[in-house]
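4 protein chains.
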Amino acid sequence: MKMSEKLISAEEVVKHTTSESCWVVLYGNVYDVTEFLPSHPGGSKIILQLAGRDATEEYDPIHPPGTLEENLKPEAKLGKIDPQTLVRTTKTAAKEEKKGVSADEIPPMESLLNLDEIEQVATKRMPEKAWAYYYSSSDDTFSKSFNNKVYRDILLRPRVFIDCTRCDSSTTLLDHKVGLPIFVSPAAMARLGHPDGEAGIARACAKFGAMQVISNNASMTPEQIVADAKPGQMFGWQLYVQNDRAKSEAMLARINRMRDRFKFICLTLDAPVPGKRELDEKQNFKNAVTVASGVKTASEPNRPGGGGVGQQLFFGTASDLTWKVTLPWLAKHTDLPIVLKGVQTHEDAYLAAKYAPQVRAVILSNHGGRALDTAPPAVHTLLEIRKYCPEVLDRIEVWVDGGIKRGTDVVKALCLGAKAVGIGRPALFGLGAGGQAGVERTLEILKAETETCMRLLGVEKVSELSPRHINSRKVERDIFEGDAGLETFGLWDKVKSKL
Amino acid sequence: MKMSEKLISAEEVVKHTTSESCWVVLYGNVYDVTEFLPSHPGGSKIILQLAGRDATEEYDPIHPPGTLEENLKPEAKLGKIDPQTLVRTTKTAAKEEKKGVSADEIPPMESLLNLDEIEQVATKRMPEKAWAYYYSSSDDTFSKSFNNKVYRDILLRPRVFIDCTRCDSSTTLLDHKVGLPIFVSPAAMARLGHPDGEAGIARACAKFGAMQVISNNASMTPEQIVADAKPGQMFGWQLYVQNDRAKSEAMLARINRMRDRFKFICLTLDAPVPGKRELDEKQNFKNAVTVASGVKTASEPNRPGGGGVGQQLFFGTASDLTWKVTLPWLAKHTDLPIVLKGVQTHEDAYLAAKYAPQVRAVILSNHGGRALDTAPPAVHTLLEIRKYCPEVLDRIEVWVDGGIKRGTDVVKALCLGAKAVGIGRPALFGLGAGGQAGVERTLEILKAETETCMRLLGVEKVSELSPRHINSRKVERDIFEGDAGLETFGLWDKVKSKL
Amino acid sequence: MKMSEKLISAEEVVKHTTSESCWVVLYGNVYDVTEFLPSHPGGSKIILQLAGRDATEEYDPIHPPGTLEENLKPEAKLGKIDPQTLVRTTKTAAKEEKKGVSADEIPPMESLLNLDEIEQVATKRMPEKAWAYYYSSSDDTFSKSFNNKVYRDILLRPRVFIDCTRCDSSTTLLDHKVGLPIFVSPAAMARLGHPDGEAGIARACAKFGAMQVISNNASMTPEQIVADAKPGQMFGWQLYVQNDRAKSEAMLARINRMRDRFKFICLTLDAPVPGKRELDEKQNFKNAVTVASGVKTASEPNRPGGGGVGQQLFFGTASDLTWKVTLPWLAKHTDLPIVLKGVQTHEDAYLAAKYAPQVRAVILSNHGGRALDTAPPAVHTLLEIRKYCPEVLDRIEVWVDGGIKRGTDVVKALCLGAKAVGIGRPALFGLGAGGQAGVERTLEILKAETETCMRLLGVEKVSELSPRHINSRKVERDIFEGDAGLETFGLWDKVKSKL
Amino acid sequence: MKMSEKLISAEEVVKHTTSESCWVVLYGNVYDVTEFLPSHPGGSKIILQLAGRDATEEYDPIHPPGTLEENLKPEAKLGKIDPQTLVRTTKTAAKEEKKGVSADEIPPMESLLNLDEIEQVATKRMPEKAWAYYYSSSDDTFSKSFNNKVYRDILLRPRVFIDCTRCDSSTTLLDHKVGLPIFVSPAAMARLGHPDGEAGIARACAKFGAMQVISNNASMTPEQIVADAKPGQMFGWQLYVQNDRAKSEAMLARINRMRDRFKFICLTLDAPVPGKRELDEKQNFKNAVTVASGVKTASEPNRPGGGGVGQQLFFGTASDLTWKVTLPWLAKHTDLPIVLKGVQTHEDAYLAAKYAPQVRAVILSNHGGRALDTAPPAVHTLLEIRKYCPEVLDRIEVWVDGGIKRGTDVVKALCLGAKAVGIGRPALFGLGAGGQAGVERTLEILKAETETCMRLLGVEKVSELSPRHINSRKVERDIFEGDAGLETFGLWDKVKSKL
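Chains as they are written, first to last, in the numbering used here: chain A, 87 to 585; chain B, 87 to 585; chain C, 87 to 585; chain D, 87 to 585.
Errors might be hidden in some of the hints.
Treat identical chains as interchangeable: a pair holds within one or across any two.
With a cut-off of at most 20 Å between alpha-carbon atoms, the simulated DMTMM-like pairs for lysine to aspartate or glutamate come out as follows [as the list claims (entries may be wrong)]:
| id | residue 1 | residue 2 |
| --- | --- | --- |
| 1 | K473 | D564 |
| 2 | K473 | E567 |
| 3 | K368 | E203 |
| 4 | K368 | E196 |
| 5 | K333 | D226 |
| 6 | K263 | E121 |
| 7 | K368 | E530 |
| 8 | K410 | E546 |
These aren't lab readings, by the way, just hints derived from the structure by calculation.
Using the sequences and the hints given, assemble the complete structure.
This is the structure in structure tokens:
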């Protein structure tokens with residue numbers, strides 16, 4: 087694709103800020119995006135807010151390379167911006183948005199002793215918008231907090247007088263060897279937090295043999311992310327099915343071609359419609375206030391909340407997935423194993439197991455508390471499965487995520503039958519705190535804590551961990567029991583037959 | 087009624103401030119209210135505090151139009167106040183009482199993301215007295231807080247892999263179609279908070295097809311409130327039976343005449359005597375301190391608390407209502423369906439169902455925590471009914487109110503069998519924050535949250551919501567079990583037979 | 087007894103500050119108390135701290151009139167202090183100790199809406215030492231807090247559609263009519279808090295027909311306290327049996343003579359040795375620091391804590407009381423009914439009932455949390471009795487105290503079977519806040535709250551209150567169940583037979 | 087061993103700060119420790135940080151006398167430091183590290199009323215590093231807090247009308263008479279907190295007849311510690327088995343020789359690898375920052391956390407102990423009774439009892455919350471034993487430690503079947519607050535509180551305390567119940583047979 091070399095002045099660009107004529111500057115080029123406005127996944131408003139100026143800093147971290155080429159006709163590129171006419175107000179504003187930690191205030195990663203300390207550093211270093219997007223969860227953040235608190239309510243039962251010199255925290259996932267029972271959950275837009283992005287996370291995972299699930303909304307292409315992967319390094323690809331199925335089919339074909347890296351498709355079910363993440367939406371509103379009123383478009387209705395980064399990413403995502411239709415469709419377009427993410431009841435875990443072997447695993451997840459507030463933590467669902475349909479644990483692998491902050495949390499989930507434990511925010515905060523090195527430190531801490539915990543329980547291998555190593559009675563008391571407790575006394579069989 | 091045109095100076099009015107001769111200025115007219123003092127529902131003290139000056143600002147928001155004419159003889163109107171002699175000290179004082187938020191500090195309603203934020207704005211904008219009346223609840227505000235907290239203790243159980251593209255939150259109440267399973271509970275004196283008053287709430291409800299129950303102590307006449315109602319818009323009329331039954335009978339006749347709007351009579355049972363709302367009473371005491379000692383009347387005993395707005399409104403309300411006498415009396419004066427508000431035990435729900443079809447519904451309510459502190463939240467009563475007499479849910483509709491702050495709260499109540507969920511304070515705080523627009527925003531947020539919750543549960547219609555969509559085990563553990571748990575093992579049958 | 091008229095100068099008095107020669111000035115007279123030092127109930131140290139100066143202000147509020155005459159030989163009175171030589175440093179110091187609320191800052195009693203507000207005013211107005219003595223409880227004040235909190239954990243169950251126009255909160259105690267089911271528990275040293283003292287409390291009780299139990303350590307004589315009693319006003323006398331039984335026998339004889347007033351002897355069992363009230367002891371230590379080192383006596387060992395007012399009062403109290411010996415001894419010296427205060431287990435309640443009719447009632451009490459920290463609240467013991475030996479409630483009256491702050495607390499205890507509810511600190515804080523008027527306000531508030539609660543429960547008379555009016559399930563879950571729950575399954579019968 | 091008298095200047099010493107040539111000044115002598123660097127238990131880094139200067143102040147409190155002689159060859163001593171050349175910068179720095187409480191601010195020990203107050207004084211007086219080492223616990227300090235909180239959740243059941251004049255809190259441990267059921271748990275490095283060190287604790291114990299278990303990592307030799315012991319004073323020796331078994335065998339031989347003092351070997355099992363004590367590690371990192379970068383050694387890998395005092399002490403400790411191998415080895419090297427410290431499950435208590443009579447007692451302990459966070463408190467393990475294998479209590483003695491702050495805590499543990507209760511931090515904080523006198527005050531308070539509690543329960547002797555004196559139902563509800571509660575219904579027998 088050839089570039090137009092025409093020089094265009096900033097004074098000219100600034101005249102095009104309406105839905106009738108909308109220009110933006112990206113990577114030094116001037117684009118006319120007027121025609122594209124109605125089809126922008128994030129809505130036209132967000133583009134109009136950036137109209138007439140250099141939007142590279144806003145655009146870059148949330149769009150993988152190639153996005154422009156995919157979406158704009160060649161003639162939309164009008165020419166190059168005349169650099170002498172460009173006043174870098176945008177950049178300055180963006181800088182100020184960062185919370186102003188100079189480089190020499192950044193503590194060495196090795197001085198950070200736990201995930202909370204890493205999050206604190208990330209909170210200081212990341213742009214406020216990125217932080218708000220990562221940190222936010224739905225409504226009153228009950229589920230987000232409870233995801234973690236529920237692990238505190240489980241006690242460990244250390245067995246003593248056992249040789250604990252050796253400890254091996256490696257395991258297998260879908261029959262692939264991994265260095266850790268800890269994986270990186272799919273989370274969007276890593277470059278929002280740090281330029282190392284998803285590829286930086288991948289390089290950190292390589293050091294520990296950790297599995298990584300790449301988000302459908304990654305800020306880098308899958309090819310870029312796995313470019314430096316080590317032999318045997320394991321990835322999964324997260325799929326948000328698009329209303330335009332052809333787009334999803336194309337992406338599946340692309341992933342199928344990289345089957346030496348991507349070992350499964352992770353279909354996300356826990357957020358068919360976006361949750362209400364007020365902190366994220368607040369951020370959006372704050373920005374909107376500073377925009378000139380002229381760019382507001384009457385055609386876009388004011389939805390409650392308006393929508394932050396989270397809602398923009400949802401644009402075009404299908405909400406009509408079903409067991410009966412979507413799984414066969416997937417079978418037609420990939421023979422990679424399917425992992426279903428977002429199971430939150432034993433009923434759905436039971437159903438998933440019925441679809442083995444196409445479905446090889448489920449991830450018990452409430453989307454990090456970002457979808458439905460007061461949804462149950464993975465530990466609840468795990469205990470439900472153990473109580474009402476333990477056969478599920480034999481038929482498919484059960485992974486969990488949400489709320490992990492300590493190696494003891496990891497071990498507790500494994501004791502309850504989870505095969506692996508995912509971290510979403512911790513990886514992103516690691517990235518935000520120190521790029522690849524921050525993610526490495528995050529994994530290093532969790533691995534060390536996990537192994538210390540295993541040793542102090544008197545356990546050498548992950549496979550030895552059992553429910554007898556924990557006391558989850560306080561939590562068990564609160565899990566679902568069916569209407570009037572009848573679940574316990576056989577009603578479940580009736581329910582089962584109707585599923 | 088003709089008006090006397092005589093001009094009276096403020097100097098003359100100010101001389102009449104005792105129980106022997108008491109004048110007040112209202113809407114530009116001077117009235118001699120001496121004779122009326124002993125029969126004022128709120129006690130004579132409150133009038134004597136305003137004696138000798140323009141009391142319009144205090145009088146207006148709590149008295150529906152026509153009140154003066156109904157209560158004073160024509161000769162009580164002495165003439166017009168000479169405007170040149172009137173120093174508007176009162177008005178200034180009232181202004182200062184407001185918490186001083188200038189108009190340009192008011193955020194746009196669309197920027198408010200949840201009911202707490204709306205309440206915060208209302209708290210700043212409303213006169214302190216109005217805020218104290220709305221906000222207050224009895225004793226230590228335990229029930230008020232618990233009404234909300236109990237919803238947090240119920241977890242949701244999202245089912246996944248279900249097409250959730252469509253979502254319809256409309257339902258029927260007493261066989262009338264409504265746009266929402268959310269209604270506005272009866273709450274007194276809306277104009278205290280904003281001049282839009284109850285009519286403003288009605289116009290907001292019209293936009294969403296929401297039902298509204300008009301308070302017996304509304305600050306506007308029922309005719310005014312329903313004047314702009316849309317076709318099919320549904321109202322209920324709340325009745326506090328008066329000691330002077332003739333007054334109540336007259337009001338019932340008036341409502342019967344508007345049966346195209348008012349679809350039921352809501353008889354309030356949960357506050358036969360006023361609760362102890364200290365915040366409200368404190369407010370009253372504070373005002374009293376600024377009154378000259380000369381106007382105190384020895385004849386009125388000092389009751390503990392003295393009485394705020396709440397206690398004044400109770401004056402004349404009957405406390406001798408009974409199943410056996412009051413329901414037949416009502417049948418004589420209206421054939422509108424009866425809804426009983428304030429049921430707090432399964433025993434009374436069971437009794438109410440016995441009186442179907444005259445009684446068509448109950449509202450489980452502890453009066454927003456304003457009557458008896460440590461009274462149970464509606465969720466407890468709902469769980470009691472499910473456990474001990476579920477047949478009630480088939481015979482009458484069960485509505486609830488109290489503590490609703492989120493769409494997830496609405497959905498949880500519906501899952502437990504409630505047909506609709508009322509909001510009292512949230513509507514008033516909406517009004518206080520932005521008048522009609524504030525109420526609209528309140529309903530808009532709750533509707534959107536409710537539908538997001540339904541979608542994420544995998545539910546399309548209100549009727550599909552079931553107890554399997556929630557985990558209320560933590561709450562069930564705490565509901566009434568009868569003495570020594572015998573309720574569970576058959577004692578209830580004995581109790582039942584004695585009801 | 088004739089007084090020596092000799093004038094003694096302060097300069098002379100100040101020379102006598104050792105255990106060899108110790109003089110103090112009391113009510114204008116100079117006493118040589120050297121001989122009395124070793125037998126002072128509070129220890130000699132406390133006197134030596136006051137030696138050589140006017141100790142009236144410290145002495146007066148904690149010694150009933152006649153104490154001097156009872157304990158000193160006539161020749162101990164040396165003469166009168168020469169007033170011209172006396173510098174009133176003590177008084178000034180004492181004044182400063184008060185927390186500096188000038189009279190015009192004292193709010194009118196009627197403006198105080200609940201017991202917490204009264205306590206706040208008392209806290210400001212009372213001398214710090216008195217406040218510390220009343221406020222303090224043992225160790226970490228767990229039981230004191232829990233005494234109140236446990237009432238919050240009980241929910242009320244209001245029955246509606248019941249005529250609640252009439253409400254009568256009067257009841258009978260030991261067959262005597264009282265105006266309230268609320269009584270004043272024995273509490274020492276009322277004059278520490280306010281000069282109205284125990285007689286002020288008695289006059290306040292008279293207005294409400296409330297029963298009062300006079301402390302063994304009252305700061306006034308029983309004769310003074312009951313001097314103004316109204317006909318039918320009911321008192322009890324609290325007995326701490328003295329090691330010197332003759333003293334106790336003399337006191338019993340004195341009470342027997344006032345049997346028109348004193349209707350029972352209340353034998354306190356819950357504090358046979360003093361608890362550890364650190365706040366009170368701290369106060370003592372603070373004062374000691376300001377004393378010249380010369381007056382310290384090596385002969386008194388440093389016990390942990392040293393001892394505040396509470397420990398001083400315990401001096402001479404017998405710790406060897408038993409069912410077998412003490413009850414017969416009491417029968418020999420009084421035929422007044424016996425009320426046992428301090429029962430904290432169902433076992434002891436069961437035993438007490440065995441001693442009916444000599445024992446007519448028990449007071450379930452943990453001494454206001456002042457004896458043993460983490461002792462159970464009365465509500466626990468009441469629930470234990472209901473569960474394991476309900477027959478006790480038929481054989482004797484069961485009263486409770488501790489933690490009462492609201493009328494709803496009173497009603498809950500009555501619902502569980504208590505015949506009356508005592509208040510200790512609330513009466514003293516009422517006294518501290520406003521003397522007799524403060525106690526009246528305290529009783530007025532509790533009576534009004536109690537009756538409002540009864541009305542809102544749909545109850546007219548105290549006798550109608552039943553366990554069905556409350557939901558105590560949350561508390562029941564925590565009461566004693568015997569080792570491994572065997573209490574429930576018959577073990578109790580075995581235990582019973584061994585008592 | 088003869089000393090070299092050569093004078094060496096500080097200027098010369100300061101040149102030797104690398105792993106090629108490393109000199110330090112200790113007690114006025116200059117040592118070349120280059121050869122010793124690789125074998126230093128705490129790692130070479132910690133020595134290099136002190137290289138080139140007088141390290142006495144850092145070295146002394148954590149090394150028992152004789153350590154130098156044991157570890158360095160005679161020729162390593164190079165001579166005496168020339169005092170005139172030595173600038174005492176180190177000492178000044180160390181002084182400043184103390185939190186600056188001058189002597190006259192130290193309150194008299196008798197004014198401290200409880201263990202929290204003593205800890206507060208110790209916190210102010212101790213060097214920050216020592217405080218951090220003592221105070222720290224693993225991860226989020228959950229277990230440390232819970233160790234104490236669990237006692238608050240147990241209620242006492244005072245029996246009344248019992249002669250409680252006499253009270254005897256003495257008992258026997260392993261058939262030896264002790265004055266108290268309270269002992270001092272093994273805790274390392276007492277001289278870090280106060281120069282009185284372990285010998286000061288021993289002298290304090292002597293006053294109360296309390297047993298003391300000496301830490302394997304004591305800062306004084308066992309001979310020094312027991313030097314002033316009174317006849318009958320009882321000690322135990324804590325053994326951390328070393329990888330170099332010969333060292334442990336030598337130490338056992340040395341203890342065997344003092345069998346008049348040391349009555350048992352306490353084998354610690356609850357920390358086979360060090361826990362993660364972040365506060366302690368933080369301290370270490372803080373110090374490291376101030377060290378010149380030149381002394382960092384690339385050969386030592388950066389472990390997560392790096393390691394504070396706690397990790398240094400672990401160097402060389404064996405993690406391969408087992409029932410089958412270690413107990414026979416111990417039998418070969420000592421015939422002193424064995425006490426196993428760190429049992430945290432009923433399974434391990436059951437196993438320990440199988441090894442009686444070689445094993446005479448277990449200490450239920452989670453290492454003061456310092457090993458594995460969310461490990462169960464001793465009370466949980468005690469309740470497990472009572473429920474699943476009460477026969478253990480007959481076969482061996484069960485002691486507990488962790489979380490004790492009050493005499494009521496002591497009594498509760500005894501009621502549940504513990505024979506004795508250990509205090510670790512409280513003894514060290516007592517030492518830190520006032521040296522020997524502070525430890526005496528700690529024991530004095532606990533003894534007095536314990537006896538007051540016994541009296542108020544109506545109990546004269548320790549042996550009378552029983553489960554009926556407490557209500558532990560709230561805690562029982564949370565103890566381990568086996569997978570799906572099957573433990574209760576017989577599964578335990580199967581588990582047992584496999585142990």
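**Asked** Are there hints from earlier that the structure breaks, and if so, what are their numbers?
**Response** 5, 6
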